[in-house]
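Novice: Okay, here's what each chain looks like letter by letter:
There are 4 protein chains.
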Amino acid sequence: MIIVMKTGSNQDLVKPVIARIESLGLHAHLSAGEERTIIGVVGLPLPDSLDDMFSVFEGVDQVVRVTKKFKLAGWDFHPQKTVIPLGDVAIGGHEITIIAGPCSVETRAQTLETARAVAAAGAKILRGGAYKPRTSPYEFRGLGERGLEILAEAREATGLKIITEVMTPADVELVGHYTDIFQIGARNSQNYLLLEEVGKAGKPVMLKRGLSMLIEEWLLAAEYVMAQNNPHVILCERGIRTFENATRNTLDVSAVAVAQSLSHLPVFVDPSHAAGKRAFVAALSLAGIAAGADGLMLEVHPSPDQALSDGAQSLTFAEFAALMPRISTVADAVGRTLPVPASVAKPS
Amino acid sequence: MIIVMKTGSNQDLVKPVIARIESLGLHAHLSAGEERTIIGVVGLPLPDSLDDMFSVFEGVDQVVRVTKKFKLAGWDFHPQKTVIPLGDVAIGGHEITIIAGPCSVETRAQTLETARAVAAAGAKILRGGAYKPRTSPYEFRGLGERGLEILAEAREATGLKIITEVMTPADVELVGHYTDIFQIGARNSQNYLLLEEVGKAGKPVMLKRGLSMLIEEWLLAAEYVMAQNNPHVILCERGIRTFENATRNTLDVSAVAVAQSLSHLPVFVDPSHAAGKRAFVAALSLAGIAAGADGLMLEVHPSPDQALSDGAQSLTFAEFAALMPRISTVADAVGRTLPVPASVAKPS
Amino acid sequence: MIIVMKTGSNQDLVKPVIARIESLGLHAHLSAGEERTIIGVVGLPLPDSLDDMFSVFEGVDQVVRVTKKFKLAGWDFHPQKTVIPLGDVAIGGHEITIIAGPCSVETRAQTLETARAVAAAGAKILRGGAYKPRTSPYEFRGLGERGLEILAEAREATGLKIITEVMTPADVELVGHYTDIFQIGARNSQNYLLLEEVGKAGKPVMLKRGLSMLIEEWLLAAEYVMAQNNPHVILCERGIRTFENATRNTLDVSAVAVAQSLSHLPVFVDPSHAAGKRAFVAALSLAGIAAGADGLMLEVHPSPDQALSDGAQSLTFAEFAALMPRISTVADAVGRTLPVPASVAKPS
Amino acid sequence: MIIVMKTGSNQDLVKPVIARIESLGLHAHLSAGEERTIIGVVGLPLPDSLDDMFSVFEGVDQVVRVTKKFKLAGWDFHPQKTVIPLGDVAIGGHEITIIAGPCSVETRAQTLETARAVAAAGAKILRGGAYKPRTSPYEFRGLGERGLEILAEAREATGLKIITEVMTPADVELVGHYTDIFQIGARNSQNYLLLEEVGKAGKPVMLKRGLSMLIEEWLLAAEYVMAQNNPHVILCERGIRTFENATRNTLDVSAVAVAQSLSHLPVFVDPSHAAGKRAFVAALSLAGIAAGADGLMLEVHPSPDQALSDGAQSLTFAEFAALMPRISTVADAVGRTLPVPASVAKPS
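Protein sequence lines correspond, in order, to chains X, R, C and G. Using the working numbering, read the first sequence as starting at 13 and increasing by one per residue. Using the working numbering, read the second sequence as starting at 13 and increasing by one per residue. Using the working numbering, read the third sequence as starting at 13 and increasing by one per residue. Using the working numbering, read the fourth sequence as starting at 13 and increasing by one per residue.
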C-alpha cells in the first residue's frame, strides 16, 4: 500500500501515520520528494481496511492499495482455470454449458415438459425457482419444497442436473437435499451469512452479480463461499442497473472478460434477466459466448404468456431449440464447443 | 392498467389479450383509435405482475400500470404521517431525531465514551454495529452478542435508545432482545425473509435504501415489513451508486422529498455513508434536513484514525458537537425543531 | 397519447385538460372508469413536448406517449435496412466493415504505416483524429488541417476510405473537403447545430452514442442529421458511463440489438473506447459482432507505448492482424461475412 | 505520479518504463520492495496524459496520478474564493444570488411579466432561453435574436441582469451583444471550442455540469474557459443521470461541497432541471443552499400549463414568491444571506 501525503505535509503530519503503521506491526518506507512525501507500507498480512484507515489522517491525500483484496478467487492463488465436475458435465471446461428452464416451478407438468424440451435441445442443467425473491410481498413466491420435489423428479426423468435458488441460511439444508447447484440471486449477492452457509454445504454455488456490484465486490462475495473450503463457485453476469431502460438491465459483457482476467472461476451469462425482453435474448446469448463466457443460463417456458413470473423474457421451446445451434456455431468460432442433438442441429 | 397495442394490431392479436384478462376475473375496456387499440383493464385486485404478464403478448406495444404496487406504505392507505413513539422520542414528529454513534462497537470504553458524547450533544439514539456486513470475508465483522451487551449498557448509562443492524433471520430474536430499533443495511434491503422476520418481531425497523434501489422498490421493501402488522418502518437514504466517485456514494437528496410524497413513513438521511469522507458530512447533514428529512444517522468515533471500520467518514466528538447546533438552526429554518443542550448551543 | 387522471379527479380538473387539447387542434377521447378518468389524445401532428405539457395540469397522474418521437430513423418510415455505399464498401450490408487506425494522426510516417498495416489485415476504412476533443485544455489536440492532409495521403496510398472527427460547425467545410465520413464524437452527440451542419454536408456521418445517452435520444440525434436530407447515418455504440470502473466505460452490447429493432440504420461498435484497456478489446469486438453489429471501429497504433493519446487501448499491428480472422469467424457464425486477406487468414 | 509494477516484474520490464520517463525529460525515482517495484515520476511539467501513457507498458499494474489536472480552477492557483461582480450583484459573495425566469423566451409579454414577478420577489438575474437545445429536431427551438431583444428589454424594464444560453461558437458574438452572463448547457459542457469562444468573449460564464460528468471533468471544462484569461466561471449542478427515474435527474447535492473543496469558483444549483417536477423544486432549492451553494437558478412561468418547454418543472409566480423567504431563512441558517422584499417576506 502506498500513502501519498498532501503537498507540503510536514513531519508533524507524517509522524502519526508512521506510528499507526508501526502499531500494526508493519513497516513504513519513506520517500520524500521535492513536493510531497510518499510512504510505502510493507509487511504482511495487510489488514483489508487499511486504505480506509489511513485516509483519515490529516495530511494524507490518497491511499493506493497495490494488492487485491481477494485471494482464493484470484489467479495468484490458483493458476489453473477452475473446472467443476458435475456428473458428465464439466463446468468451465472446453464445452459450453447451457442451463435452461422456467423462471418459477409452477406445476409438475410445466416443469417436466420444459425439462424434456431443453434436454432435447442440448441443455445439461435445468433451472427453476422454488423460492422466489419478489419485489412486492403480494406476488407469487414459489412452491417451496413442493417445487424442489418437482425439480428432482424432472432430474430423474431427463438426466439433467438441477439448479435452484436458496434465499436464506435456514433453507440451505433443505434445498441442498435436492439441488445439484445452489443459486444465489442478485439481491442476495452480498448476503454474507448465506454465502458462508452455502459455502459450508459443499455443493457448487452459482453467484449472480448484484445490480450495482463492482467486479471486485463480486469476487469478494465468491471469496466468502471459497473461504468455507468450497472451491466450486460459478460467477454469473446478469446485467447491471444503469440509466438505460430499453432493456431491464444492462448486460455488462465486458465483465466476462474482466472477471476471467482476475479469476480462475467459470463465468456465465444470464441474458434473460439482462434483457428482460424475449426479443433481445438471442443477441445477448451470442454476445456472451463470443466474449468468452463458459456457459449461459436461459429462461424457457412452455407458454410464456401464461407464466407466473418473468414471462416477458422467457423463450418458447421453439425459440430455444432454434437458438441452440446458433450458440453452438459461435462457440465453435471462439474455440469452444457446444454439442447439440441432431434434431435441433443447424442445417449444413 | 392500460394496454397499448401496436399500430395496426388487428382483432387476431387483440382477442388473446382480452381472453387472458377475462381468465383472471378482470374486465377489458376497449377503445379502438384510428391507428391503434387501447385496452383498459378493470377490476380488483390486480395481480402485481400484470404488466409483465401482458407485455409478452404479440401485438402489445406498452403496458402502463396506473396504480401503485405498494399499499400499506402509501398515503392512500394511511393518510396521516406515521410517528413512531419510542420512550420520549417521537420519530417522524415535529422534532428532528438524531442517531449517532460509532460504525462498529469495538470496545466497552469506546462505546460508552461515544454514547456519553453524543447524548451530551443532543442525540437521542445510539447507533453501533455488533454484526457488520463487510465486503471482504477477512475484515473485522463485529463483536456479536458482546457488542449488543455493550450497547445495552450504554443505554443504561445514558438513557439513549439504541439501534443496531441485524443481518440474518436467525439473529432477529437475539438482536431483538437488546435493541430498540432494528437496522436493515443497504446490502440486505431486498433480503425479503429478513424483512418479514423483523416485521414479526414488532419493534421499529430502519430500512436503508439499497445502492441501486428504485424508490418504489424501497417502499415495497417497507411493505414486506408492514405486511407483518408492523407499521413502524423508518426509511433511510444513504446514497446510491452512480458513476461519480468523488464521494463514496451519491446522496439522492431528492429521494427524501419523493419518498415523503409517496409515503407517510418517516425518512432519514445517513450522510456518513453517502459521503464516505468526513469533510462532506456536515454539508450533507444540513442538505438532508433542508430537504425535509425527519432525522439523521451519523457516525461518530472517539478517534476516527483508530477506528476498525469507517474511520474516514466518522466525525470526532468535537465535530459532532459543532455540527448539532448548525443542524438545529436549519431545522428551525424549515419549520422543524432540534433542541440542543445549552453546552453545545449556537452562540446567539 | 394517453392522459391518466389521478383517482377521484373530477370534472373541474378534467375540463382544463380537454380545453388545452382542443386549443392545439387535437381531439380528446374520454373514458371514465370507476376510479379514474383516462383521456386519449387524437389528431396529428402531435407536438413532441406534449407529455411534458400535460403533466403540469392538476389532477394528471401520468402521461403516456404512444408514438415514438423519431420518424426518419425508424422502421415505419423506411422499412428497408439502410446500406451506405462508399466506393466498394457497403456499410450496413451483408459484409462486416472494419474501421481501424490510430486515435490521433501524430505524424505522416505513423499514419501511413498504420494505414498499410490495417489495409493488409482487411480493414476498409482508416480512422484518425486531426481535431481531438480532450478533457483537459493542456493535452495534445491534434494536428488540424495537416492531419487531414496526411489522412488523404494515406487514402491515396492504400485505397482505404477515411473517417475523422469534426468538432464544430465552422470546421465542417474544411473537414468535408478531405474526409469520406464525418465522425461525431460522444461529447458532441447532442451538439445539435453540428449535427445539422454535417447533415447538410451530405457525406455519411458516424454518430457515437453519448456517455449517458438513452437509445431514444441517440436516434433523435440521428434524426437531426437525417432531417437535413442526409439519410446516411451510422450509429456507433462506444460504451456508456456506469458505476463500474474496471473498464473505461461499459459497453452496452444490448444497444446494438435494441437500436436495430428500432431503426434501419447501420450500428457499429467501438470496443477500444469502451474497454479503455487493450486486453479486453478482442472480447468486446467478438461480442459486438455476435450481437449483430454491422461493423467495428478499432484503434491501432505502431507502438502504443509511444502514442500521444489512447495508447492504453490501442492494438499493435500484430494484435490487430491476429484479431481480424477471429472476427471473421464469428461473423460467419452469425450469418455475416468479413473477408480477410490470405496473409492474415485463420489456419484451417 | 507513481507507477506500480506488477508482482515479480523484473528489470527487463522496468527498464523501458524508465527510458520512456527520461525521454520526456522527467526523472524516475525507483523503490524496489520485496514483492514489487514502485517508480516515482519526478519533474515538471507532467504531461496530462501521462497515466494513460504508462498504463500501456507490460509489467505495469497501476499508475497513480498525484497532482490534479486542473490548475486555474483550483485553490492552489487562486487561494481566495472567486467573487464575480455584476453591477450590484456579487456572485459568490456572502449574499445568495437567485436567477429566475422562464425556460424559453416565448413572447415579449410572458418575459416581461415574469421578469417583473421574479424581480419583485428578490431575484437579481433573469434567465430565459432564446436558443434552445432540444432532444428532438421537431420541437420549439427558441426565438433566436428576437428572444435576446426581449431579454434586453426586460433588463431595461426591471434592472435585472440577464443570462441566456449560447449553443455554438458562431453565436457567441451575437449573444454576447445582449447577455450579461453566457450559459453553457449540460449538453455542451464538453463542447470545448464553444468553451474557448465564451472564454475569449470576456463575460461571466455559467457552466452547467454534464449529465454524466465527473466533478474533475467539470473543473477541466471550467479550465478551458479560464485558460482564455476569463476568470469568471460559475459552476452549476443540475442533476446527473442515474438509474432512478422518480426525478428527471438526480441532484448530486454532494457535488456542491466537493466542487467547493476543490475550487474557488462559485457553485450554483439548478433544482428545476434536476427535479423535472414542480413539486420537488422547493425541497431541492433549500437542500442546495443548505449544502453551501452560492446561488440557485429557477424556472418560473406565468402559466406553466401553457409553457412551450419545461412547464412541468416551472414554478408559478405565487410559488416562487412563497419559496423566496424560505430560501432566505435557510440562507441565514447557514451563515449566508438573501434579502427579500418586504412584500414577499416571511411572517415573523
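No lab work stands behind these hints: they were computed from the structure. All of these numbers come straight from a predicted model, not from anything done at the bench. One or more hints might be untrue.
All copies of an identical chain are treated as equivalent in the list; a pair is satisfied when it fits inside any one copy or across any two copies.
As a list, the in silico PhoX-like pairs of lysine-lysine whose alpha-carbon atoms are at most 25 Å apart [stated by the list, open to error]:
hint	residue 1	residue 2
1	K83	K212
2	K93	K212
3	K18	K212
4	K27	K215
Novice: Indicate, hint by hint, whether the structure satisfies it.
Specialist: Hints versus structure:
1. When the C-alpha separation of K83 and K212 is checked against a cutoff of 25 Å, the pair qualifies only within one copy, where the shortest distance is 18 Å, while the shortest distance between copies is 39 Å.
2. For a Cα distance limit of 25 Å, the shortest separation of K93 from K212 inside one copy, 22 Å, qualifies, whereas the shortest one across copies, 46 Å, does not.
3. In this homomeric assembly, K18 and K212 never come within 25 Å of each other (Cα to Cα): the closest approach is 46 Å inside a single copy and 34 Å across copies.
4. Proximity of K27 to K215 under the C-alpha cut-off of 25 Å is found in neither arrangement, the shortest distances being 50 Å within a copy and 47 Å between copies.
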